[in-house]
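A.B. asks: Residues per chain are reported as follows:
Protein chains: 2
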Amino acid sequence: MIVELVSTGTELLLGQIVNTNAPFLAARLNELGFSVIYQTTVGDNRERMKNVLKTALDRADIVITSGGLGPTQGDITKEVTASLLNRSMYLHEVSAERIKRFFDERRICMPGNNLRQAMMPEGAIVVDNTCGTAPGVIIENQTTGKVIIHLPGPPHELSAMFEMSIVPYLKERFGVQGVIVSKVLRTYGLGESALEEKIKEYILSQSNPTLALLARNGEIHVRITARAENEIEARRLIDELEGHIRPHINEYVFGIDDETLEKSVGNLLLAKDLTIALAESCTGGLVTSRITDVPGSSSYLIGSIVCYSNAVKITSVGVPEEIIAVKGAVSQEAAESMAQGIRKQFSTGIGIAVTGIAGPTGATNDKPVGLVYIAIDGPAGTVCHQHYFNGTRTDIKHRTALAALNHLRQYLLIL
Amino acid sequence: MIVELVSTGTELLLGQIVNTNAPFLAARLNELGFSVIYQTTVGDNRERMKNVLKTALDRADIVITSGGLGPTQGDITKEVTASLLNRSMYLHEVSAERIKRFFDERRICMPGNNLRQAMMPEGAIVVDNTCGTAPGVIIENQTTGKVIIHLPGPPHELSAMFEMSIVPYLKERFGVQGVIVSKVLRTYGLGESALEEKIKEYILSQSNPTLALLARNGEIHVRITARAENEIEARRLIDELEGHIRPHINEYVFGIDDETLEKSVGNLLLAKDLTIALAESCTGGLVTSRITDVPGSSSYLIGSIVCYSNAVKITSVGVPEEIIAVKGAVSQEAAESMAQGIRKQFSTGIGIAVTGIAGPTGATNDKPVGLVYIAIDGPAGTVCHQHYFNGTRTDIKHRTALAALNHLRQYLLIL
Chain A
1 MIVELVSTGT
11 ELLLGQIVNT
21 NAPFLAARLN
31 ELGFSVIYQT
41 TVGDNRERMK
51 NVLKTALDRA
61 DIVITSGGLG
71 PTQGDITKEV
81 TASLLNRSMY
91 LHEVSAERIK
101 RFFDERRICM
111 PGNNLRQAMM
121 PEGAIVVDNT
131 CGTAPGVIIE
141 NQTTGKVIIH
151 LPGPPHELSA
161 MFEMSIVPYL
171 KERFGVQGVI
181 VSKVLRTYGL
191 GESALEEKIK
201 EYILSQSNPT
211 LALLARNGEI
221 HVRITARAEN
231 EIEARRLIDE
241 LEGHIRPHIN
251 EYVFGIDDET
261 LEKSVGNLLL
271 AKDLTIALAE
281 SCTGGLVTSR
291 ITDVPGSSSY
301 LIGSIVCYSN
311 AVKITSVGVP
321 EEIIAVKGAV
331 SQEAAESMAQ
341 GIRKQFSTGI
351 GIAVTGIAGP
361 TGATNDKPVG
371 LVYIAIDGPA
381 GTVCHQHYFN
391 GTRTDIKHRT
401 ALAALNHLRQ
411 YLLIL
Chain B
1 MIVELVSTGT
11 ELLLGQIVNT
21 NAPFLAARLN
31 ELGFSVIYQT
41 TVGDNRERMK
51 NVLKTALDRA
61 DIVITSGGLG
71 PTQGDITKEV
81 TASLLNRSMY
91 LHEVSAERIK
101 RFFDERRICM
111 PGNNLRQAMM
121 PEGAIVVDNT
131 CGTAPGVIIE
141 NQTTGKVIIH
151 LPGPPHELSA
161 MFEMSIVPYL
171 KERFGVQGVI
181 VSKVLRTYGL
191 GESALEEKIK
201 EYILSQSNPT
211 LALLARNGEI
221 HVRITARAEN
231 EIEARRLIDE
241 LEGHIRPHIN
251 EYVFGIDDET
261 LEKSVGNLLL
271 AKDLTIALAE
281 SCTGGLVTSR
291 ITDVPGSSSY
301 LIGSIVCYSN
311 AVKITSVGVP
321 EEIIAVKGAV
331 SQEAAESMAQ
341 GIRKQFSTGI
351 GIAVTGIAGP
361 TGATNDKPVG
371 LVYIAIDGPA
381 GTVCHQHYFN
391 GTRTDIKHRT
401 ALAALNHLRQ
411 YLLIL
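So the sequences go chain by chain: A and B.
Just so you know, the first sequence maps onto residues 1 to 415 in the working numbering.
Just so you know, the second sequence maps onto residues 1 to 415 in the working numbering.
Hint data in this document are derived by calculation from the structure and do not stem from the laboratory.
Quick reminder that beta carbons are idealized off the backbone N, C-alpha and C, glycines included.
Take these hints with a grain of salt, some might be off.
To be verified - Listed below are several chain A residues computed to face chain B (Cβ distance under 7 Å; list not exhaustive): (1) L14; (2) A27; (3) T41; (4) N217; (5) G218; (6) G285; (7) S298; (8) I302; (9) G303; (10) G381; (11) V383.
This is chain A alone, in the form it adopts within the complex (with noise of 0.2 Å):
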């Protein structure tokens, strides 16, 4: 079966913003066995887009557009599609109720154009939203047994009803051979070509299952992709793969699938029974928002200080202030002091502290931007780890939670 995308959207004609959902569709829909053999993008433009779809039906078996399904009048690709296969539009009663319990919920009244996103071409299979309020549109048609499928453009929305409906929808109309199974293994610690290089031989060797190495903001996973009859096949072939690469990369793997590294954290300080409590200077709070991005983590996160200014670090967290004087607020010293600190003054299991320079200024002859001291008290005693990142300021904060995080879990580890 035979795929075109096409993305639809001015911002992605003038480069306002990367295409990631093409990527996306196009992995996942290699995988399921179909073959994506054109991508088009045009801007939100009848004509123009009318000739993409056309062409794109000609060549192809499968058309999957994404964009155009919001509530304003740039949002035309269900139009444009209806005029191309000469249906008219309707309202869709069960989506505009839909649309409407949305803003309800909210407690926000609807704008009126909202009711845009209920119109449908005549005849077309409507798909839920379960993060948005643009329904998705499936459009067969009957003689050709060509399909077009619209999705709508915020990646969240397209992926989640990708994976919830359409797939399905797919395998059932186009009765996919099989199943198509995926591990992913998450990894920290290695750059993607070093990691690459591990385990290269595996990478070229292998077919069915496939091996491919994706860089995920300062992660990279390892995914390991088989086709088989059946399910359990499908696991011996990952299992068998798996096997043979995990010695050359063990080390570095922290997760499976959408396992984070937080919660990798979490479930450890749950099986350990600890309770943790957090200092962060350069971070500013991003390493304790990371970790209560896990739900039930106020099972064992207390609490954490944000010691941003000196002051608080000696008031709040009990810095001594010769620390600060002579070691400086970045320093091995006052890192250390910061996570027995805080682990003493709320009690916790763990103490955890993070001082750093972000930049852009803040350097100094021998403490440049980027330099990072991340300190862990418990059970185990006081260990301090010193880092040098480079890049954005944000850069350097989102570097220094992932290193911190993944510290706190070799830590944990060990007890």
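Given the coordinates of chain A, work out where chain B should sit on it, guided by the hints.
C.D. replies: Frame of chain A; chain B shown alone:
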């Protein structure tokens, strides 16, 4: 002048890499006054690539391809163009020499197939590659006056070649196309459709400048884009339209272009010479982290306490036990007490507090997931705002952080 971008490479079709070349080229070409009307992606397949290039040359004046200039058998872009235009290929001696030197300088013996990169279509203008081995190619069709340009795939090679050689060529070949200037009014507090209703007449009536609404992580950006002979004229057109729409949306505009909500809050704190401290519960430090994303925020942010447990709310922030017991930790009274407590404890000009139910658990009959209280204490007294947010745990945290920053901004504006 109409431009079509053609991205080649099976890795793009497979979704293995995100295409950053297209948005780079699109943004730069629009700045130069060229209109990028279509973007197409095709794999390393002669027949399909030939069809895509033929279609592109039919509907565009200038076709710019990226990728497929490498040394491998899969790199076929130049050959496909040559056969499409009925031109033979020849070895470009200068490029061959340069490629040999490239390897000699690195003391590496050159693989023979690298000479494929020096093969050029007859009559092509060869463009030097200062960052890699693959030269670029410009082919002019004397009869149609149309131009096809081949650029290498690696982003740093492509961008360098575009700036150094292609921009001067386009300016010389097609004359100055004038400029396109954009200005973004960043708004918060109104949904995309509600905002559109306020300025719909202008969106529908405008062709130059154009008006576009873009939803960006909870903000709505109003983009005004003008095309003109020069920047001064473009700015004049933008100012004129902005003058018309401002009265309708002014209360929701918090920043211009890349001015974030936290940046505008920071500017206000500096202007009013006020310091700030935060007490965060359900956001877990996210609001403080956003505030510290701004360089120089250490001059007004003193510190924060993430009071996740009730014990910390009571002991570290000074919330009276009765309030927690009678009204609950998620209540207007608790939020106001937290804001007053943190302001007093860190002796700052402003104290802001957030408490709510991020979910998925923790809801009660009268307190659903998404219920959030945001309180601010400062020179103008104590104010508290109640919200009902929806979405996942992280959605609710994100929406709460945006609302908190915006309430803070509005509080500071009236001081």
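A.B. asks: Against this structure, judge whether each hint is valid.
C.D. replies: Structure-based check of all given hints:
Below 7 Å, beta-carbon pairs count as interface contacts, and A:L14 has one with chain B at about 5 Å; its hint therefore holds. Below 7 Å, beta-carbon pairs count as interface contacts, and A:A27 has one with chain B at about 3 Å; its hint therefore holds. This hint holds: A:T41 has a C-beta 4 Å from the nearest C-beta of chain B, less than the 7 Å allowed. Hint status for A:N217: violated, given a least beta-carbon distance of 13 Å to chain B, over 7 Å.
For A:G218, the suggested interface contact is broken, since its CB lies about 16 Å from the closest CB of chain B, more than 7 Å. Satisfaction of the interface hint for A:G285 is found here, the shortest Cβ-Cβ separation to chain B being roughly 3 Å, below the 7 Å cut-off. Because the closest C-beta pair between A:S298 and chain B is about 6 Å apart, less than 7 Å, the hint holds. At about 5 Å, the closest approach between the beta carbon of A:I302 and any beta carbon in chain B falls short of 7 Å, and the interface hint on this residue holds.
About 4 Å separates the beta-carbon of A:G303 from the nearest beta-carbon of chain B, less than 7 Å, and the hint is met. Residue-level restraint check for A:G381 is violated (minimum Cβ-Cβ distance to chain B is 25 Å; threshold 7 Å). Annotation: interface hint on A:V383 violated; nearest CB of chain B at approximately 23 Å, more than 7 Å.
In this structure, the earlier hints numbered 4, 5, 10 and 11 are contradicted, and the remaining ones agree with it.
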